[in-house]
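Working from the sequences, and respecting the hints, build out all of it.
When we follow the working numbering, the leftmost residue of the sequence shown carries the number 6, and every step to the right adds one.
These aren't lab readings, by the way, just hints derived from the structure by calculation. None of the values given here were measured: they were computed from a predicted structure. Where hints are given, some of them may not hold.
To be verified - Under the rule of at most 25 Å between Cα atoms (straight-line distance), these lysine to aspartate or glutamate pairs were calculated in the DMTMM-like manner:
| hint | residue 1 | residue 2 |
| --- | --- | --- |
| 1 | Lys364 | Glu91 |
| 2 | Lys161 | Glu125 |
| 3 | Lys241 | Asp254 |
| 4 | Lys259 | Glu271 |
| 5 | Lys158 | Glu177 |
| 6 | Lys252 | Glu166 |
| 7 | Lys266 | Asp254 |
| 8 | Lys262 | Glu249 |
| 9 | Lys158 | Glu188 |
| 10 | Lys57 | Glu271 |
| 11 | Lys251 | Glu175 |
| 12 | Lys15 | Glu91 |
| 13 | Lys259 | Glu125 |
What the hints assert, rightly or not - Derived DEER-like restraints, expressed as beta-carbon distance ranges:
| hint | residue 1 | residue 2 | range |
| --- | --- | --- | --- |
| 14 | Val211 | Val56 | 37 to 45 Å |
| 15 | Phe323 | Tyr12 | 28 to 36 Å |
| 16 | Ser27 | Gln250 | 35 to 43 Å |
| 17 | Asp10 | Leu341 | 16 to 24 Å |
| 18 | Val211 | Glu153 | 18 to 26 Å |
| 19 | Phe323 | Val111 | 25 to 33 Å |
| 20 | Thr229 | Ala327 | 48 to 56 Å |
| 21 | His218 | Ile320 | 52 to 60 Å |
| 22 | Leu194 | Leu341 | 26 to 34 Å |
| 23 | Glu271 | Glu227 | 19 to 27 Å |
| 24 | Thr93 | Gly339 | 47 to 55 Å |
| 25 | Phe114 | Ala327 | 23 to 31 Å |
All C-beta atoms, glycine included, are put in the ideal place defined by N, C-alpha and C.
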Amino acid sequence: MRILDKYIIKELLGPFIFGIASFSSVFIGTSTLMRIAQYVTQYGASLNSVVKLFIYSLPAIVVLTFPMSMLLAALLAFGRLSGSSEITAMRSGGISFYRLSAPVFVIAFFVSIFAVFFSEMVVPQSNSAYNYIVRYEIQKNTAPKSQEHIIIKDVKGDMLERLTYARKFEEETNTMYAVAMQEFENGTLVRVENAEKAVWQDNRWVMMNGIIHDLTTEGNLERTMHFEQQIMPMAKAPTAISREQKKPDEMTIKELKQHIKVLEREYVSAKKYEMELQQRLAIPVASFVFALIGTPLGLQPNRSSSSIGLGISIIIIFIYYAIMTVFTALGQGGALPVVLAAWIPNIVGIIAGALLVRKASR
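Right under this line is the structure:
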């Protein structure tokens with residue numbers, strides 16, 4: 006690594022860390038602490054629960070601040086270099102803007118990669134723990150009275166053994182309605198069972214008024230049987246089923262894909278889960294997009310002030326997340342393909358950044 010690269014990266018890291026701290030503080034102060042205060046006043050949440058809520062809320066916040074912090078870092082780093090005429094001196098020495106900005110783009114790329122892994126390995130577990138504490142420790146709810154589109158997975162080792170879907174689950178009557186169960190052997194689907202409902206009786210699930218389809222290893226129909234009652238080979242109690250259900254932000258990418266496949270197979274809209282899946286990649290990639298925008302903007306005159314750099318970053322962030330919010334709604338509503346809706350903010354940002362980089366390189 007050349008001395009120039011180390012120098013620019015050093016200029017970048019300070020504002021980047023400052024951005025994570027400052028933007029995280031904004032999110033915590035305007036959202037997290039307000040919700041925690043409501044839990045304390047309405048439910049009398051204990052100090053132990055409050056501390057755990059605060060800790061578990063941090064990973065999701067930090068992931069959102071990576072793109073913002075990358076933008077602020079690029080603006081401030083190149084704004085300071087430009088304001089002290091160091092950029093002018095470097096370019097006078099024959100160093101192109103593309104070469105000067107390369108360390109920023111490389112750092113932004115690795116930040117995006119790290120954010121993808123962080124949002125996959127840490128954020129879903131922290132979100133799940135956060136919601137568990139709210140629901141079972143603070144609100145004292147054992148489970149919602151009624152849930153729709155229940156999916157239950159039985160896994161043996163690393164292999165999926167059984168996948169059960171219910172269009173509706175009522176905990177009060179311990180009943181699942183419109184049940185579809187798929188059984189696998191060594192990863193191959195061998196049996197499909199459908200029933201009008203399944204009732205929890207004598208510590209077991211009993212399916213009623215259904216049909217069984219046995220399949221060959223090639224996926225062809227081998228035989229069909231009708232039944233009035235059939236014991237389900239699933240031992241999970243109603244309370245366990247309720248606690249197993251996850252929100253989209255609590256799922257890993259693998260779980261999201263499985264969930265989407267099941268919902269699509271049952272002709273249920275999975276747009277919300279598809280959008281979450283796409284944004285798991287789109288939002289981390291925004292770190293690179295913001296670096297592409299912020300680096301050439303830092304070269305503009307009168308940008309050496311930190312307050313001006315912060316102001317510009319806030320404006321750009323507002324525009325980006327406003328576009329993202331609008332197109333997320335359009336994607337979830339089916340007005341646009343989910344992939345396009347999720348990636349339009351980044352596409353717009355890349356086009357704007359490319360034009361700015363081209364202008365700055367002249």
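Please list, smallest to largest, the hint numbers that this structure does not respect.
Result: hints 10, 17 break, sorted rising.
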